[in-house]
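Between the sequences and the hints, there should be enough to build the whole structure, so can you do that?
Order-wise, the sequence lines are chains A and B.
Using our numbering, read the first sequence as starting at 9 and increasing by one per residue.
Using our numbering, read the second sequence as starting at 4 and increasing by one per residue.
Simulated from the structure, these hints should not be mistaken for lab results.
Do not rely on the hints blindly, as some may be mistaken.
Subject to a maximum C-alpha distance of 25 Å in a straight line, what follows is the list of computed SDA-like cross-link-like pairs (lysine to any residue) [as the list claims (entries may be wrong)]:
hint, chain 1, residue 1, chain 2, residue 2
1, B, K60, B, N4
2, B, K60, A, E53
3, B, K60, B, S70
4, B, K60, A, Y40
5, A, K11, B, T58
6, B, K60, A, R89
7, B, K12, A, L47
8, B, K74, B, P64
9, B, K17, A, V93
10, A, K77, A, P25
11, B, K74, B, D59
12, B, K74, B, A5
13, A, K11, B, A5
14, A, K11, B, K74
15, A, K77, B, M44
16, B, K74, B, M44
17, B, K74, A, L47
18, B, K74, A, D75
19, A, K77, A, T13
20, A, K11, B, M44
21, B, K74, B, T103
22, B, K12, A, P25
23, A, K11, B, S70
24, B, K17, B, N33
25, A, K11, B, G61
26, B, K60, B, R75
27, B, K74, B, Q25
28, B, K12, A, R89
29, B, K17, B, R75
30, A, K77, B, T103
31, A, K11, A, D75
32, B, K60, B, L72
33, A, K11, B, Y105
34, B, K12, A, Y40
35, A, K11, B, K60
36, A, K77, A, R89
37, B, K12, A, A91
38, A, K11, B, R47
39, A, K11, B, K17
40, B, K60, A, G113
What follows is each chain in one-letter form.
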Amino acid sequence: DAKTTQPNSMESNEEEPVHLPCNHSTISGTDYIHWYRQLPSQGPEYVIHGLTSNVNNRMASLAIAEDRKSSTLILHRATLRDAAVYYCTGPLVAGGTSYGKLTFGQGTILTVHP
Amino acid sequence: NAGVTQTPKFQVLKTGQSMTLQCAQDMNHNSMYWYRQDPGMGLRLIYYSASEGTTDKGEVPNGYNVSRLNKREFSLRLESAAPSQTSVYFCASVRTGQDTQYFGPGTRLTVL
Numbered sequence: 009d010a011k012t013t014q015p016n017s018m019e020s021n022e023e024e025p026v027h028l029p030c031n032h033s034t035i036s037g038t039d040y041i042h043w044y045r046q047l048p049s050q051g052p053e054y055v056i057h058g059l060t061s062n063v064n065n066r067m068a069s070l071a072i073a074e075d076r077k078s079s080t081l082i083l084h085r086a087t088l089r090d091a092a093v094y095y096c097t098g099p100l101v102a103g104g105t106s107y108g109k110l111t112f113g114q115g116t117i118l119t120v121h122p
Numbered sequence: 004n005a006g007v008t009q010t011p012k013f014q015v016l017k018t019g020q021s022m023t024l025q026c027a028q029d030m031n032h033n034s035m036y037w038y039r040q041d042p043g044m045g046l047r048l049i050y051y052s053a054s055e056g057t058t059d060k061g062e063v064p065n066g067y068n069v070s071r072l073n074k075r076e077f078s079l080r081l082e083s084a085a086p087s088q089t090s091v092y093f094c095a096s097v098r099t100g101q102d103t104q105y106f107g108p109g110t111r112l113t114v115l
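So, in structure tokens, the structure goes:
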């Protein structure tokens, strides 16, 4: 099965930018790349998604490599409330119809220092 | 607009007992999902329902059954609970044509 690879943990200081990488080398050409985050004791929440072009929203930016084998979630100014587990995910199941199914790895634990 | 709601929030069962986890969404979404999350792990898909009246197995369906009662509600049943089913269970929904999933707050289940 296709899967994502992310670092287990990253640290940042408050007000600094954070770049969270993800490798998804077996992604198919039509699968979107999604990022979710999970705050302590909560369900995951959507952050951003994209297909080929870089994407921006009020929460973050998503930079997608030209070959689509990797992407980077960018938090422009980390706050203490951004401390969470960040998942790079998507219907990264080889072949077939995804019906929106998401495949989650272990994610990256982001620690933000005051 | 409550989004995705789950009941109960917490539950303790003895091995062999049965129970049903309830999930409801008020966003008129077509597809609904059940995931489980074990400590330090990502989410794993148990079952999903692409639309009302259909259900399909996910990655870890053994020991579970589901019912898509109507468009709003999708329940997960444990017929004979086992300690290996101790986990946090999340329900999610998505509107057809979009891939953004909305998750509920989770049910923390302990099987003794």
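So, going through the hints one by one against the coordinates:
The straight-line distance between the Cα atoms of K60(B) and N4(B) is roughly 29 Å, outside the 25 Å bound, and the hint therefore fails. Annotation: proposed proximity of K60(B) to E53(A) holds, straight-line Cα distance about 23 Å (limit 25 Å). With a CA separation close to 12 Å, the supplied pair K60(B) and S70(B) stays within the 25 Å bound. Under the criterion of a C-alpha separation no larger than 25 Å, the hint pairing K60(B) with Y40(A) is consistent with the structure, at around 22 Å.
Between K11(A) and T58(B) the CA atoms are separated by roughly 24 Å; this keeps the pair inside 25 Å, and the hint holds. Only pairs whose Cα atoms come within 25 Å are accepted, and K60(B) paired with R89(A) is rejected, the gap being roughly 35 Å. Simply put, K12(B) and L47(A) have alpha-carbon atoms about 17 Å apart, close enough for the 25 Å limit, and the pair holds. In summary, the hint linking K74(B) to P64(B) is supported, as the alpha carbons are separated by about 21 Å, within the 25 Å threshold.
Restraint check for K17(B) and V93(A): the C-alpha separation of about 31 Å exceeds 25 Å, so the hint is violated. Distance check on the hinted pair: K77(A) and P25(A) sit about 23 Å apart at the alpha-carbon level, within 25 Å; holds. Restraint check for K74(B) and D59(B): satisfied, since their Cα atoms lie roughly 15 Å apart, inside the 25 Å limit. As the CA atoms of K74(B) and A5(B) are separated by approximately 15 Å, the hinted pair is consistent with the 25 Å bound.
Note on K11(A) and A5(B): the hinted pairing is violated, with a Cα-Cα distance of about 32 Å set against a maximum of 25 Å. Using a Cα cut-off of 25 Å, the hinted pair K11(A) and K74(B) is violated, with the two alpha carbons roughly 31 Å apart. Note on K77(A) and M44(B): the hinted pairing holds, with a Cα-Cα distance of about 23 Å set against a maximum of 25 Å. For the hint pairing K74(B) with M44(B), the CA-to-CA distance comes to about 30 Å; that exceeds 25 Å, so the pair is violated.
Only pairs whose Cα atoms come within 25 Å are accepted, and K74(B) paired with L47(A) is rejected, the gap being roughly 28 Å. About 39 Å separates the Cα atoms of K74(B) and D75(A), which puts this hinted pair outside 25 Å; it is violated. Restraint check for K77(A) and T13(A): the C-alpha separation of about 11 Å stays at or below 25 Å, so the hint holds. Distance check on the hinted pair: K11(A) and M44(B) sit about 14 Å apart at the alpha-carbon level, within 25 Å; holds.
A distance of roughly 18 Å separates the Cα atoms of K74(B) and T103(B); the hinted pair therefore holds under the 25 Å criterion. A distance of roughly 35 Å separates the Cα atoms of K12(B) and P25(A); the hinted pair therefore is violated under the 25 Å criterion. About 29 Å separates the Cα atoms of K11(A) and S70(B), which puts this hinted pair outside 25 Å; it is violated. With a C-alpha separation of about 34 Å, the suggested pair K17(B) and N33(B) falls outside the 25 Å cut-off, and the hint is violated.
Pair hint K11(A) plus G61(B) holds up; C-alpha atoms about 15 Å apart against a cutoff of 25 Å. For the hint linking K60(B) to R75(B), the alpha-carbon distance of about 19 Å falls within 25 Å, and the restraint holds. Using a Cα cut-off of 25 Å, the hinted pair K74(B) and Q25(B) holds, with the two alpha carbons roughly 13 Å apart. The suggested pairing of K12(B) with R89(A) holds, with an alpha-carbon distance near 23 Å, which does not exceed 25 Å.
Restraint check for K17(B) and R75(B): the C-alpha separation of about 30 Å exceeds 25 Å, so the hint is violated. Pair hint K77(A) plus T103(B) holds up; C-alpha atoms about 21 Å apart against a cutoff of 25 Å. At most 25 Å may separate the alpha-carbon atoms for a hinted pair to count; K11(A) and D75(A) meet this at roughly 16 Å. For the hint linking K60(B) to L72(B), the alpha-carbon distance of about 17 Å falls within 25 Å, and the restraint holds.
A threshold of 25 Å between alpha carbons decides the hint, and for K11(A) with Y105(B) the separation of about 21 Å falls inside it, so the pair holds. Pair hint K12(B) plus Y40(A) does not hold up; C-alpha atoms about 32 Å apart against a cutoff of 25 Å. Of the supplied pair hints, the one linking K11(A) and K60(B) holds, its CA atoms being roughly 19 Å apart against a limit of 25 Å. As the CA atoms of K77(A) and R89(A) are separated by approximately 29 Å, the hinted pair breaks the 25 Å bound.
A C-alpha spacing of about 23 Å is found between K12(B) and A91(A), which places the hinted pair at or below 25 Å, so the restraint holds. Note on K11(A) and R47(B): the hinted pairing holds, with a Cα-Cα distance of about 13 Å set against a maximum of 25 Å. This hinted pair does not check out: K11(A) and K17(B) have alpha carbons roughly 35 Å apart, beyond 25 Å. For the given pair, K60(B) sits about 19 Å from G113(A) by alpha-carbon distance, which is consistent with the 25 Å threshold.
Violation of the numbered hints given earlier is confined to hints 1, 6, 9, 13, 14, 16, 17, 18, 22, 23, 24, 29, 34, 36, 39; the remaining hints are satisfied by the structure.
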